[in-house]
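Chains as they are written, first to last, in UniProt numbering: chain A, 1 to 696; chain B, 1 to 131.
Worth flagging that the hints you see were computed from the coordinates, not collected in a lab.
Careful: at least some of the hints might be erroneous.
Pairs of lysine to aspartate or glutamate, EDC-like flavour, derived with a Cα cap of 20 angstroms [stated by the list, open to error]:
| # | chain 1 | residue 1 | chain 2 | residue 2 |
| --- | --- | --- | --- | --- |
| 1 | B | Lys103 | A | Asp646 |
| 2 | B | Lys84 | A | Glu678 |
| 3 | B | Lys39 | A | Glu678 |
| 4 | A | Lys625 | A | Asp646 |
| 5 | A | Lys625 | A | Glu678 |
Single-letter residue listing:
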Amino acid sequence: MADWATLKIEQSVRKQRVSFQTLALSLFLGVVLARGAVLNIYPFGLALGAALILKGGKGAALGLLGIIAGTLTLHDLPLALEITIVLVLLSLLAPLIRRGRHAPVFQSLTVTALTCLVFALALLRNGADPTAFFSVGVQGVLAGGFSIIYGYALNQEEALWRGEFNREQGMAWLLLLIGAISGLQGLKIAAIDFPVVVLSFFVLFAAGRFGAGTASGVGALLGFLPELNFHVQNLMDAGIFGLAGFCTGAFQRFGKLGIGLAFSAVTLSLTVFLRQEAVYSQLVSSGLGLLLFLLWPEAAPRKDFLKPKPIPEVEATVSKVKVLADIFDQIALSYQAAEAETTTLRPEIPELMNVLVERVCQNCPTIATCWEREFYKTYRYLFDLFSLVETHGKVRVQDLPVEWKRQCGRLKEMLLGIQFIMEQEKNQEAWRRRLAANQEAIARQFQSVSHVIGNLAKELNARHNRQDVKPSNLARRRRHFLDVGVGSFSKSGSGINGDNYASLAFSPSRHAFVICDGMGVGQNAAKMSAMALTLLEQLMNTGFDPVEAVQALNSMLVLRSPEESFVTVDLAILALETDELTFIKAGAVASYIAGPEGIEAFSAGGLPAGILDQIEVPVLETVFKPSQVLVMVSDGIPDAVRDGGDWLKDFLEREQAAGSQELADKIVQEVRRLSGGEIQDDGVVLVVRKNFWNEG
Amino acid sequence: MGSVEFSLSRMIKEGFPGMEKNIERQTLLLRLDGDLDMKTAETLRQAIDNEIERRKVRTVILNLEKVQFIDSSGLGVILGRYKKLVPLGGKIKITNVPAHVFKIMELSGLPKIIDFYQTEAAAREEGRGAQ
């Protein structure tokens, strides 16, 4: 809110300031452009007049007055009259021109036509020669053409006060400036040459804002175009100001003072060599231009409210996505609540007793005696019977106390009934537990989905605000950035390796290596590990946090294959912009980091995925430097030697390999050697190094 | 509450070479010998499941003193029995595990959910002697 309040105040202040400046500018431009001539014709005043008439507003009248005043300074009354007539006619036609869809085109055509008409009629009255009519035609065309450009420039007046132009705005204002400088030609008071003052100022302005190239072009154009002739003097001016602009612009980074010094040095030396007769006037005028440039305020720094803000549509989308995330959170909570409700719905012993009484005692002749006269005694016996069956399962009648046999004539039926009810209840309890576990798994998945959607909302907002822009070619660079070696082998006699691995570029700043080992060997293990790997990849690419992804994978595998098969997941996540390395191990064997400081093994006792409804996923964090090597293996590699030792660690301590692939190959060779040709299990090895020197 | 004694204790040897089975009340004790891998895992699974179904066994004690190696299939059988027994109110206990086998089991997270004991006697005593 504070931003917008400030903006509103500043906008109103600026509006007042611009209003005064606009009036002054209109008057100044009117006077100087009316005086501007190209090849002895005066199209600039007409063009500006047409642009002001079509634009309208407060500055228009003052600008038109300026044009008439400027024309009068030329001491050519017929010309002033002709221009005034054209402008009056244009003012009369303006409402019609503005109405059309292509107003600028009509404006240009009307200006051309009226100029030609009025000036031609004047020539006819004076009986001029035919070449004069050609000049009138050129004047009409130029006036029409420039009227469009000047109209555009006046509509973009804000760019002038801001001192920031895009290409079109810059060109439009440059052409307007050329007309203005042309109008200033010959205007000299004492030693001050006004065209040189203005020219110097704009060359310095362009050098300060846009650098050498633009300043050089501006200097050459402003030096040559206002007179538009090929006199030596004109060409010399173009050269001087073009070169001055180029040399001055080269000092852009040194600020106003550096630019000023460079400009002074260049103009002084060039004038001394090329225009010795006007050294004093040139230096005074350039100095005045330099003074104006030094006094001219710097471009105001951009305020926060000028930064791109989320457009309402994006904000609405982000808001909707957040709501969606909340909905998923609510669904997850509902499942958790339902789970809690399920656990509280277990029937108590008295309820089960009622069922039994209805089945066994209903037709018993002693029902009234047992359940009315001796209620408490019967109730206690029956309760004890339930407790006994619950504790010991199968109970025989002969094992029961004698007084119980005396109490109930249908004890055998009663016992069978209790055993049946208890068995049924146990089955129901098993199903209830499974249902609760599934509900919990689904609740967790909904929560994970909610997190993903929440992250998506954040990402949408962040990307739109350009707060987190990552280089898009990072993923492409990873194959140069990471040196990866892979080795694998199958159990002897089996053609299919049950272990699978993947390299996942799941985030702009993180990269994951995964090994999944399906239970057992061969085809079934391969199917299981491939399915797990695919699911994990999808989850992580969708935005799941790696730990949540492994937990979600576990839930999915449990729901998909209720039988006792599982997958071990060994996940190493490399932070590419730092040295952080995170291991996530679900039933996986140790990984190793080998480097100049020795070998370090990383293991964690995490349960494998896909067998229990809920698992805790252990996370290990460490540092992985470019001088080190990461070695990840499946259990087939350490199990090549079944003596309880760690042969791989010993091997890595003594083995030196130039590249990752070479080391992976050597590990596989060693497994084959140690197994004596009879490999007992499938195996995969991944060797990873960081290659900072190859980046780019 | 009256006390009921069950005298179903017996010791048998079945198809699994090097496996001794002992059932007492609702507790099944299995002494394994050799590798617990893909070749033997299925036999062990059937042996335990049969006792759970037939004799309503609710506690399974595995003595792994003579087990030299266990692979993922062996771990799968143990985890599978755990998964089956827990909903029935039962549990699985492991005793006399050699250090190198325990290391493999530890990597798979078994000690987090299954109780390990130094001796069979400790395993029989509920809640005592856990490592």
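Status of the hints after comparison with the structure:
no.: 1; hint: B:Lys103 to A:Asp646; result: 11 angstroms, holds
no.: 2; hint: B:Lys84 to A:Glu678; result: 35 angstroms, violated
no.: 3; hint: B:Lys39 to A:Glu678; result: 15 angstroms, holds
no.: 4; hint: A:Lys625 to A:Asp646; result: 24 angstroms, violated
no.: 5; hint: A:Lys625 to A:Glu678; result: 37 angstroms, violated
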